[in-house]
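A.B. asks: Residue-level listing of the chains:
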Amino acid sequence: MQKKLIIKILLIVSSILTLNAETLEEYSALSIKETKPGNYLDFGVYGKEYSIEENDFQKELMEGIKKFNLNEENLKKKIKQLVRKSAYKTTELPLCKKDIHYSPEIDYAPERTEEIRNPEGRLIYKKGVKERIPLKLGISYDICFIDGRNNIVAINQIEYYKKQGDCLFLVANKNVLGLRKKYPDEQIFPTSPAQEQRFGIECYPAKVHLVNDTRELFYNAYDKFKN
Amino acid sequence: MNIFTKIILLGLLISPIYATTPYEANTEDGISGFSETIPSEAESDLTAPFLDLFATTQWDLFMREFEMKMKIGICCMPNNPLTCAIGFKAKMIEPIGYMETTNIPLYFIFADIDLGGDPTKGNSPFNQSENSAEVRTVATDAHFIYVPIMGMIFEKSLKFVCFHQGDLSFPYMSEFDPTWKQDVYYGKMILHMLQMFSPNSLLSTIFDCIATETVNSIRGGQAGDMEFREGMEAAGEQESLLNEPNQSDQSGAAPESDMLGDIASSTIEKMDLIRDTMYFVSGCSGFSPVGGYVNGEDALLDSTLIFHGIMGLMHGASAISPKPFLYKQTNMTTDSTAFPESSPARGTLDTMCMYKDYALPIPSQYLLQLAYPTVGSAKEVGAAGSTVSTAKGRPGSKGGAFTVWVRRDYYAFAYFCTEEDK
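Residue numbers (the numbering used here), protein chains in the order written: chain A, 1 to 227; chain B, 228 to 649.
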């Protein structure tokens, strides 16, 4: 009796499994069909519908781009303006009143005010540490800070420093593009506070002479170049 | 074998379990992963990407990467509870401008405007020939042009998305950077990049390449199905690169939500940590170009490498400006357990409420999308792909231009978007 009961149970279980297998197969086939948009079933609308108040993103994008109104002439003017702004930099430093020469000292980079860590947390740059990067042996490098508020005086400054050797010219108060046309073989760039601070410049015009890990500062009286 | 065992075996034979055929994503079109085709020899009419925004920008990238979840966060300014707001965890991506390289000084590819600049001393000469295999265009100058296009278009609407705001500007022009092509001066001005150049760091290039390509492959499926177009339409026609939302459905491709599962997200996170840790390497392109020096063999590849260098200058400091222009605004690639509690740098880890200064380049935060000489799909910074040979027929004689896309992780509705919000 017990055996018969167990057999019946097993038969029922196996038939359930068989049924489920068929159902599973049908379900799988149905799932595959249902994932194709063409076979979606529309079950109608239930509940309250709400309209979408936001505009279609693509339409808004297209209309926005049309409104840009990109006039080539205006764009060219704007670009010229921006280039002029980049080519002309001013300085807050005063003009030098006399010639001063400071003897060579160690060239330290400005102390970093914040530490730098990479995403793994490794310290790349420590806060407050004075860093010095020496040049290779035998190499020297000159940087000449020029004040260009007066065209003739600016040219005189460039001619003066050119005689002393190659120099990287950093110009304040003048558009460097004009100077580049006049001196195509010279490296002429606009100055910046970052560069002034880096080398400890206090007035214009000045020259920084870098050798090994030292820097030597030369200040020249501005009035000297007026003649 | 007893009767019970026989019945069980019989039951198993009667009830076959049909393995579900795994759904195969349609790879013919739709989201199929990154693919490139070499375009035809036909000359492109495309000359100024900015003047044909619709055709040259991969707008659907914004919709694909924009995501908002029902995870709440609170943003407050320190010691000022009145500034607190509740937001939802979100992420987005937007184009913020162009990165272009050119062998003609003061020539702006993005707008096809030539101001007739003179080459500065030290720039390399270049040779060109009609045979694209012999093109050796040395990109001598690079520009980063800031154009927050979406912020300009959606100035009043979609404020919760927090697009970049502002007007056209040139935060970086190599013509006015004295450290450009001046390695001695570069070494004196920008120190932290040089400190990573060591024999050990050579090995890093391999890991960074693998990590970048892995991320690009996973995300490449979500970057859209743009391919290098064969014969771009004239600028006058507005061929939309914005896929209709239901197009991918009609092709039978798997729904987007299935593309980035938990495993893929976790992989991307780990790979991005590697990429950002090796900030001095640009994926498979090599070391970040110190001072703009590239080998000059492939103009487009050099462009992507140069972007990495410029990105570093704009995140950290440059000779032009001590103030950064680009910030950390993604939250996923820092190992918070490695930062000491006392380290001020720990404060830069969480950028869900506001962007933060971060002096090192963050490759995982950006995508580069080729916009000139032809149009291509967006790629992770450092991923291989955009080369002169893939733009065959359009060797990019004037240079190359990429649309720069930047990601942001943030709490929508609570993020301190601008200085005024703080």
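Keep in mind the hints are simulated off the structure, nothing from the lab.
The structure presented is a predicted model; accordingly, all values stated were derived computationally and were not measured.
Don't take every hint at face value.
Claimed, not checked - Computed list of lysine-lysine pairs in DSS-like fashion (alpha-carbon distance at most 30 Å, straight line): (1) K78/A - K408/B; (2) K383/B - K78/A; (3) K126/A - K408/B; (4) K136/A - K625/B; (5) K497/B - K78/A; (6) K66/A - K77/A; (7) K76/A - K625/B; (8) K76/A - K497/B.
A.B. asks: So, for every hint listed, does it hold in this structure?
C.D. replies: Do the hints match the structure? See the list:
At most 30 Å may separate the alpha-carbon atoms for a hinted pair to count; K78/A and K408/B meet this at roughly 28 Å. For the hint linking K383/B to K78/A, the alpha-carbon distance of about 24 Å falls within 30 Å, and the restraint holds. For the hint linking K126/A to K408/B, the alpha-carbon distance of about 28 Å falls within 30 Å, and the restraint holds. Our distance criterion of 30 Å between C-alpha atoms is broken by K136/A and K625/B, whose separation comes to about 36 Å.
Distance check on the hinted pair: K497/B and K78/A sit about 43 Å apart at the alpha-carbon level, beyond 30 Å; violated. This hinted pair checks out: K66/A and K77/A have alpha carbons roughly 20 Å apart, not beyond 30 Å. With a C-alpha separation of about 18 Å, the suggested pair K76/A and K625/B falls inside the 30 Å cut-off, and the hint holds. Note on K76/A and K497/B: the hinted pairing is violated, with a Cα-Cα distance of about 45 Å set against a maximum of 30 Å.
Comparing the model with each earlier hint shows violations of hints 4, 5, 8; every other hint is respected.
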